[in-house]
Amino acid sequence: MSFLKRAFTDGSNPVGEPVGVRAILIGVAVAYLFVMLVLPTGAVFVEAFRKGLDAYFGAIEQRHALAAVRLTLLVAAIAVPANLVFGLAAAWAIAKFEFRGKSLLITFIDLPFSVSPVISGLIYVLLFGAHGWLGPTLDALGIKIIFTVAGLVIATIFVTFPFIARELIPLMQEQGTEQEQAAISLGASGLQTFFRVTLPNIIWGLLYGVLLCNARAMGEFGAVSVVSGHIRGKTNTMPLHIEILYNEYDFVGAFAVASLLCLLAFVTLALKSLLEWRFGEHLAAERHH
Amino acid sequence: MSISITGLVKSFGHYAALRGVDLNVRPGEFLALLGPSGSGKTTLLRILSGLEAPDAGRLTIDGADISHQRARDRQMGFVFQHYALFRHMTVAENVAFGLRVKPRAQRPANAEIGERVDSLLRLVQLERMGDRYPAQLSGGQRQRVALARALAIEPRVLLLDEPFGALDAKVRKELRRWLRGLHDEMGLTSIFVSHDQEEALELADRVAVMSDGRIAQIGTPLEIYRNPANAFVCEFLGNTNRLDCVIENGRAAIGDQLFYASVPADAGRLRGIAYVRPEDCELRPSADAPGLKAKVVKVFAAGPTTRIELRRLESDEVIEALLPHGAVAPQPGTEVALGFRQLRVFPAPNT
Amino acid sequence: MNGPITSLTTGWRQPSVLPGFGLTLGYTLTYLGLIVLLPLAALILRPAELGWVGFWEVVSAPRVLAALKVSFGAAFVGACINAIFGLLTAWVLVRYRFPLKRLIDALVDLPFALPTAVAGIALTTLYAPNGLLGQFLEPLGIKVAFTWTGIALALTFIGLPFVVRTVQPVLQDLERELEEAAAGLGATRLQTFFRVILPAIAPALVTGFALAFARAVGEYGSVIFIAGNMPMSTEIAPLLIVIKLEQYDYAGAAAIAVVMLGFSFVMLLVLNLLQRWARRHERAGA
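Chains as they are written, first to last, in this note's numbering: chain H, 1 to 289; chain L, 1001 to 1351; chain Z, 2001 to 2286.
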């Protein structure tokens, strides 16, 4: 138990709290986090394996479950690169140039974070749905967005819209424009400057943004729920499939799929922590939130 | 208030910050802790204020043991190097803080706190600044707020950590004269930490020179400057020339010249180092005169004194000499004989 | 860079030797316009077809008001819990050393990384009357799942990281000297906390609270499983939007959404003002 004693008395700072107070505060905080975070995640795995390994893998290998996994990967594979390109373009324009209306633009880019997921789906139904502004026109052209994969993608893009841009903008602002100006003065083209000078400086921040963007893209529920139509095997992503299975009392099935998303969350957290510990000084997030 | 410190030891992990410090501070004294960074002077100050707990040793104030008293009960006025002003409070609120946090029974009434704050702000010449926030003040003004805040609790001792360290040269000179005046006027007992020997020698009644977690010498500025107790103090205080020598029978031999050395005669033959201050060098124009043979390399005549750089003919050692303003300086290239009005000899380390 | 210098100084932007401004800004504005601004405009204009009276009738209907009250009330309680425990967590993580600290620090972000639907079914299972925790609470007369308490619990869960992550860096950067100065001036540890530390971290604490609150008000996925979804008592506003949408009452759904969105903007505005107010004296570090 000597390590505990050492842990609680670190620094022997006579201005700090007494050892007993420290121990109580640590105890309360850890207990709170255990009940709030560890127990729910543990429950997912307990429920998923309640009927044994066979039932677990059976549930995952189910046709509709596999289709949901594929669809989730597909949606993320479109939404994340789309926001990556946008994030780079927005960060270049905002961080490397001075123009009026910049802070308004940044506010607009952050906007989707303050919109409820359900409303994020709703706006596209209002626009593209059967009774939406553009719905009849699109219908006449034979284009369907709501209740199709296109709808899922576009709603996912909306909810993950700011992730990469808001990581890159402060990072690139902090780095200034001197290096790029030096590259231009040495005869580099715009693209050369970007790939050889700018990108190496922001690569860890970019990965950080992609990581968070991807986690949200794969896990989004509310927005895609509104535009999906819940067609099994067609427009059901993993979170939506969980809901259907749960409501049908197929708990092993629901928690088995949920356990996959839990693993995704663990991997995301592990990579995120790794990036923060290893490359903390290269990340904007470390300093800005 | 008299302070007595005995056998103070403190280490941080494997790093020994204080290796046994004994020190007595007299009532009304203005004492400087002088030393290079890492010598333990700030640690000593922090232990006195209770911000750090010593590993061993005893602290008493007027005979009462305060070793185990908490910082907040010690009533020591601590002025931090970077002031540590509370940013969300106005100047007046900062100064009042120590009065407002007193237990209810001892807390002065609001009106009285207001009066005390006003008089303290007058004292530090900031009477119109009470409503400002620290961010709106200059460095010198912040320093004076920190001082007023420390004085508000009527400290038994005023402790100042590098009080002028963060100020520019001009403000620093003004402020330290003013602080010395304040100390005398209020009858305070003060201890301040400094790494600037000029500042310590000018300001303090006594200077404790610290080195490597110990007190190397303590005395009045004149004592320390004129009679350094060891090689470290000699080198740390002011410009000095180092010359290799051999000590034998109470005499130090530099080249073929012999000088008196205050080293016990029975110590045998030792290698030593002789320290000579530039102003104690005497230039004898004829190269045949008694003294060390040297050649004038450069002459810097601009300034209140004339500085001359010489090179010893025998050993290539460089020596600096200062001549009073108006003295006739030799031309570069001239050979001269060097005499020393005063030099201090210490055995070389590791012998 | 091809034309004369004067063509670069068009007044609204400073000239620069770097290329790509027109392309990247044009792309940014187009993408932003199509994905975010146009659809949001469609939302805001939609209730217009109801007229002012119709709009008022929709949002003042008892069921809508009840749902808004549930969403806002539970979100507020959740944010308050997060403010207290988030501050505690940030404090412990910054100030003390203890085993597994790094792991616990990383775990705090779990609600950001875990899909809301997963959180929803996990919490429901735990707190159901026969669940791991529910079975102990049930005999005490505490019902969590399918009640208002359950909603507040889910909203506490999804808002958990906000306060920790806003307070943590501020606490980290807080100079220890301020606390030492307070102690040296005779303040007790509690006085130091309330008079010196708390005012310094208050802006971050308020920001974290507001973020957690705003996030919780709009939350859907983690709540619908644990909420009873009974109209007038345990029905949240986002669920009501979905229900209206399923009934093809687009204007009604949009009306509720506009109210919630309006709230979000007011929150953002208040937050900005608060932060500006808090920073007013701290431009140059003292």
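In short, the hints are calculated from the structure, not lab data.
Check each hint, because a few of them may be wrong.
[Stated by the list, open to error] Derived list of chain Z stretches under chain L, where covered just means 3 residues or more per stretch with a C-beta under 8 angstroms from a C-beta of chain L:
1) 2172-2179
2) 2183-2191
3) 2196-2209
Every residue gets a Cβ at the ideal spot worked out from N, C-alpha and C, and that includes glycine.
Hints versus structure:
With a cut-off of 8 angstroms between beta carbons, the stretch 2172-2179 of chain Z has 3 residues touching chain L; three or more are needed, and the interface restraint holds. Under a criterion of three residues with beta carbons nearer than 8 angstroms to beta carbons of chain L, the stated coverage of the stretch 2183-2191 of chain Z is upheld, 7 such residues being counted. Counting residues of the stretch 2196-2209 of chain Z whose beta carbon lies closer than 8 angstroms to any beta carbon of chain L gives 3, which meets the minimum of three for the stated coverage.
Of the numbered hints given earlier, the model fails none.
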